[in-house]
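Chemist: Residues per chain, in single letters:
Protein chains: 4
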Amino acid sequence: MSASIDQEDALVTSTDPLHPANLISELCASFYRLGWVTGTGGGICIRTDDKVYIAPSGVQKERIEPSHIFVLPYPQAEPSPHTDRIFLRRPKLNLKESACTPLFWNAFTVRNAGSCIHTHSQNAVMATLLWEKEKMFKISHQVKMIKGVRIGGNGPTLSYLDTLEVPIINNTPNEEDLKDSMKEAMEQYPRAAGILVLRHGIYVWGDDWQKAKTQTECLDYLLEIGVKMKLAGLPTVLNE
Amino acid sequence: MSASIDQEDALVTSTDPLHPANLISELCASFYRLGWVTGTGGGICIRTDDKVYIAPSGVQKERIEPSHIFVLPYPQAEPSPHTDRIFLRRPKLNLKESACTPLFWNAFTVRNAGSCIHTHSQNAVMATLLWEKEKMFKISHQVKMIKGVRIGGNGPTLSYLDTLEVPIINNTPNEEDLKDSMKEAMEQYPRAAGILVLRHGIYVWGDDWQKAKTQTECLDYLLEIGVKMKLAGLPTVLNE
Amino acid sequence: MSASIDQEDALVTSTDPLHPANLISELCASFYRLGWVTGTGGGICIRTDDKVYIAPSGVQKERIEPSHIFVLPYPQAEPSPHTDRIFLRRPKLNLKESACTPLFWNAFTVRNAGSCIHTHSQNAVMATLLWEKEKMFKISHQVKMIKGVRIGGNGPTLSYLDTLEVPIINNTPNEEDLKDSMKEAMEQYPRAAGILVLRHGIYVWGDDWQKAKTQTECLDYLLEIGVKMKLAGLPTVLNE
Amino acid sequence: MSASIDQEDALVTSTDPLHPANLISELCASFYRLGWVTGTGGGICIRTDDKVYIAPSGVQKERIEPSHIFVLPYPQAEPSPHTDRIFLRRPKLNLKESACTPLFWNAFTVRNAGSCIHTHSQNAVMATLLWEKEKMFKISHQVKMIKGVRIGGNGPTLSYLDTLEVPIINNTPNEEDLKDSMKEAMEQYPRAAGILVLRHGIYVWGDDWQKAKTQTECLDYLLEIGVKMKLAGLPTVLNE
Numbered sequence: 001m002s003a004s005i006d007q008e009d010a011l012v013t014s015t016d017p018l019h020p021a022n023l024i025s026e027l028c029a030s031f032y033r034l035g036w037v038t039g040t041g042g043g044i045c046i047r048t049d050d051k052v053y054i055a056p057s058g059v060q061k062e063r064i065e066p067s068h069i070f071v072l073p074y075p076q077a078e079p080s081p082h083t084d085r086i087f088l089r090r091p092k093l094n095l096k097e098s099a100c101t102p103l104f105w106n107a108f109t110v111r112n113a114g115s116c117i118h119t120h121s122q123n124a125v126m127a128t129l130l131w132e133k134e135k136m137f138k139i140s141h142q143v144k145m146i147k148g149v150r151i152g153g154n155g156p157t158l159s160y161l162d163t164l165e166v167p168i169i170n171n172t173p174n175e176e177d178l179k180d181s182m183k184e185a186m187e188q189y190p191r192a193a194g195i196l197v198l199r200h201g202i203y204v205w206g207d208d209w210q211k212a213k214t215q216t217e218c219l220d221y222l223l224e225i226g227v228k229m230k231l232a233g234l235p236t237v238l239n240e
Numbered sequence: 001m002s003a004s005i006d007q008e009d010a011l012v013t014s015t016d017p018l019h020p021a022n023l024i025s026e027l028c029a030s031f032y033r034l035g036w037v038t039g040t041g042g043g044i045c046i047r048t049d050d051k052v053y054i055a056p057s058g059v060q061k062e063r064i065e066p067s068h069i070f071v072l073p074y075p076q077a078e079p080s081p082h083t084d085r086i087f088l089r090r091p092k093l094n095l096k097e098s099a100c101t102p103l104f105w106n107a108f109t110v111r112n113a114g115s116c117i118h119t120h121s122q123n124a125v126m127a128t129l130l131w132e133k134e135k136m137f138k139i140s141h142q143v144k145m146i147k148g149v150r151i152g153g154n155g156p157t158l159s160y161l162d163t164l165e166v167p168i169i170n171n172t173p174n175e176e177d178l179k180d181s182m183k184e185a186m187e188q189y190p191r192a193a194g195i196l197v198l199r200h201g202i203y204v205w206g207d208d209w210q211k212a213k214t215q216t217e218c219l220d221y222l223l224e225i226g227v228k229m230k231l232a233g234l235p236t237v238l239n240e
Numbered sequence: 001m002s003a004s005i006d007q008e009d010a011l012v013t014s015t016d017p018l019h020p021a022n023l024i025s026e027l028c029a030s031f032y033r034l035g036w037v038t039g040t041g042g043g044i045c046i047r048t049d050d051k052v053y054i055a056p057s058g059v060q061k062e063r064i065e066p067s068h069i070f071v072l073p074y075p076q077a078e079p080s081p082h083t084d085r086i087f088l089r090r091p092k093l094n095l096k097e098s099a100c101t102p103l104f105w106n107a108f109t110v111r112n113a114g115s116c117i118h119t120h121s122q123n124a125v126m127a128t129l130l131w132e133k134e135k136m137f138k139i140s141h142q143v144k145m146i147k148g149v150r151i152g153g154n155g156p157t158l159s160y161l162d163t164l165e166v167p168i169i170n171n172t173p174n175e176e177d178l179k180d181s182m183k184e185a186m187e188q189y190p191r192a193a194g195i196l197v198l199r200h201g202i203y204v205w206g207d208d209w210q211k212a213k214t215q216t217e218c219l220d221y222l223l224e225i226g227v228k229m230k231l232a233g234l235p236t237v238l239n240e
Numbered sequence: 001m002s003a004s005i006d007q008e009d010a011l012v013t014s015t016d017p018l019h020p021a022n023l024i025s026e027l028c029a030s031f032y033r034l035g036w037v038t039g040t041g042g043g044i045c046i047r048t049d050d051k052v053y054i055a056p057s058g059v060q061k062e063r064i065e066p067s068h069i070f071v072l073p074y075p076q077a078e079p080s081p082h083t084d085r086i087f088l089r090r091p092k093l094n095l096k097e098s099a100c101t102p103l104f105w106n107a108f109t110v111r112n113a114g115s116c117i118h119t120h121s122q123n124a125v126m127a128t129l130l131w132e133k134e135k136m137f138k139i140s141h142q143v144k145m146i147k148g149v150r151i152g153g154n155g156p157t158l159s160y161l162d163t164l165e166v167p168i169i170n171n172t173p174n175e176e177d178l179k180d181s182m183k184e185a186m187e188q189y190p191r192a193a194g195i196l197v198l199r200h201g202i203y204v205w206g207d208d209w210q211k212a213k214t215q216t217e218c219l220d221y222l223l224e225i226g227v228k229m230k231l232a233g234l235p236t237v238l239n240e
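Residue numbers (UniProt numbering), protein chains in the order written: chain A, 1 to 240; chain B, 1 to 240; chain C, 1 to 240; chain D, 1 to 240.
Some clues are possibly wrong.
If chains are identical, the list can't say which one is meant, so a pair holds when it fits in one copy or spans any two.
Computed list of lysine to aspartate or glutamate pairs in EDC-like fashion (alpha-carbon distance at most 20 Å, straight line) [stated by the list, open to error]:
(1) Lys-230 to Glu-132
(2) Lys-133 to Glu-165
(3) Lys-183 to Asp-162
(4) Lys-96 to Asp-208
(5) Lys-228 to Glu-132
(6) Lys-96 to Asp-207
(7) Lys-135 to Glu-224
By construction, these hints were calculated from the structure, which means they are not laboratory data.
Extracted from the complex, chain A is given alone in its bound form (with noise of 0.2 Å):
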């Protein structure tokens, strides 16, 4: 019992400040200093070839630690929203699962992505807030931050002269009720890199955890500079 407690403590016991466990941490604290996940929402989990990383529900992002840390088996077969996945390790701590794994795990399944990045940042929610209407918040002609960002998430990256869309689902009562719509949401716009959802904040995925953050970033700047035009009378998409 106590060699099995080992073996699954060796899961995220590492000097390799790129393993998964640690990266989660050192990310999560950079992504609290940017807002994008104050008051334990938010967070980043990171997919190796058969197995997944991922932080706790309900803790402060900024102190997450290596053992802290959920690992979970993958593939595993798909299972409802609200049952209980596979894991091969779980925190000694009294942790919760992390309520967004499900929507994790729509970007594995449906993109294929090594990791993927969910945000509350203000940029998103205020760009969901005035693009509700459309359900699409669209901007163009904003050049290297467009062509940071890969089509589909996970395809080439856009070029200069293409919209950026990320489309916008409603919100639900649970966060775990997101993954249906969020996955019929990749499938209908497979050019989307993200999924806004409203009033709520931003799902985004990548190859691996570089991908995923840089296009993170690419897609927040872009949010914001939608927002500040929109706020200033500024059109986002340009007719050529």
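Mind docking chains B, C and D on chain A? Use the hints.
Modeler: Just chains B, C and D now, kept in the frame of chain A:
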């Protein structure tokens, strides 16, 4: 005598980063970076079963050291606001007891809180001005952040369908004089997780420092987005 | 000669983090993070009984080292603005005396200050533009922050019922030429705790560096909230 | 061969924090915290007498290590934008040359700069939108910040009475294609200390990294305050 002094110092001396005296120092520095406690105001106090740890008044909150912390026995008979309380330890330096002490005490006696935070966040102050007539800040449908707040600050978390309401009380020339009106508001609005003070800031509490801190983050986030929405002409409360 | 140089260096060499040469370096880096001293401008000087410590002109304020600090004897005969002062130590590097020196000196001679801070905070500059006609920034009823400011910068603290008033003087092509108008404003408004300079920034002083710093924080907070209120159409001064 | 590789690595290996390879890593991390280089874009390059140090393209700018730096000989025959340049060192990792290289080169050849910085600061982008018709950002009477900018980026500093003018050039699908229009603008406006790119960002240069950095800070400050003034209905240029 020197033995007794050593015993007093032992109350705030620990190598454990989670000891209240160490936590208060660290958290106040972090609140300074968030803009919550500039100019010496604001802070956090922590209560254990039988002791209250509290930072001094009028000091730079990002430079507090454990040796600056006051320690009071808990419970103790409710003194009138301007009466000195009983202390287990006073810092040797010429430091003054925090004027927030009676307000923090409200959170302990009325809500059985284990920690209370006071900020001068500009989000809180702007909200008190923009909702001054209503004497109540209200926001709804902000998933996750509303669910990060507990009913009364110490109960179960609000549901997604709840409208968050934070009462706004009038300011007074002396902080101590807020004690009664804060207590009244806490009793009149038992579901409120914090009390806003007009042109001044906010008080938030929780069962322990983690809950007090994460609820303060959620409320500050909601105040910030609420102010942005109001200034952009968007309603913060939706009719179902 | 080398002995004399060593003696000069000894003036800025100390392992005590509270030595003025160490403090100036640390505080300027912290002011840089607050956006007060970007682009080499702004800074803090500290006066002891018989010495003034001052950072050089035109250097990156977040990269100051104690060896960069100038030391001047105090008091010394008031030179005309463009006359070289007497120095106890000049840095060996080819560094220029701060153009703020005559302004800082005003705070020493007119208010007997022990420290003076100059920032280019955008809150200060925006306030000078929005209150340009009145030549006076005014705000009332902001409890705690107003009470964190001292009458004249070195007297008792303002009361909650006081209206904070900060005079705005005109800008001049050369910073040294502000000396006389700043001095005049300090004499005309003996209760003012700082002097705003149109399209430029603010000077704030205090009995020591702690008081100068916390008063600068309180004033900057009040300038920031004042600008927000004005732009939102809210009055910053209430009639009782 | 391994000797030659060692020689190449020696170009970016130094314990001196002021070595260009160390500086670029440190400064990019600092620019990330300022919001200038999120999402892998932007950065700084440094030129010594005979070498140019430049960060790779498409990497997280806050995580650059000296071993990631490219080194090029200087001068070298001006290649057409899409032709590979000659390198003294390429990082062993699979990293791409920065698309900014031809733009940075403009600063070296047209202005004899020792360093050039490119940011995607939202202040710069908003200014290009609000001054889009004029194709020129203009601001006057902002003492200190205007005086912190050098005529042409490498001449004497502007005087207080000068109006700062920064040309805005059109964006292009590929960053390399900005080379000619940036060069033209630099020649047409020899007094300009930087070039804004519509919906994209700014290029700023200086005799060395310190001057490039402090001028970028001054320009970014002026762009930020200019945008705030314009949105508040205040003129940024005064008639004397």
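Chemist: Which holds for Lys-230 with Glu-132 at a C-alpha limit of 20 Å: within a copy, between copies, both or neither?
Modeler: both (13 Å within a copy, 16 Å between copies)
Chemist: With identical chains, the pair Lys-96 and Asp-208 could be close in the same copy or across copies; at 20 Å between alpha carbons, which is it: within, between, both, or neither?
Modeler: between (25 Å within a copy, 18 Å between copies)
Chemist: Treating 20 Å as the Cα threshold, decide for Lys-183 and Asp-162: within, between, both or neither.
Modeler: Neither way: Lys-183 and Asp-162 sit 23 Å apart in one copy and 27 Å across, limit 20 Å.
Chemist: Please work out whether the CA atoms of Lys-96 and Asp-207 approach to 20 Å or closer within one copy, between two copies, in both situations, or in neither?
Modeler: Result: close only across copies, 19 Å inter versus 26 Å intra.
Chemist: Cα distance capped at 20 Å. Does Lys-228 pair with Glu-132 within a copy, between copies, both, or neither?
Modeler: both (16 Å within a copy, 16 Å between copies)
Chemist: With 20 Å as the alpha-carbon cut-off, assign the pair Lys-135 and Glu-224 to within, between, both or neither.
Modeler: Cα proximity of Lys-135 and Glu-224: one copy only (17 Å, versus 23 Å across).
Chemist: At most 20 Å between C-alpha atoms: does Lys-133 with Glu-165 qualify within a copy, between copies, both, or neither?
Modeler: within (14 Å within a copy, 27 Å between copies)
Checked against the numbered hints above, the structure violates only hint 3.
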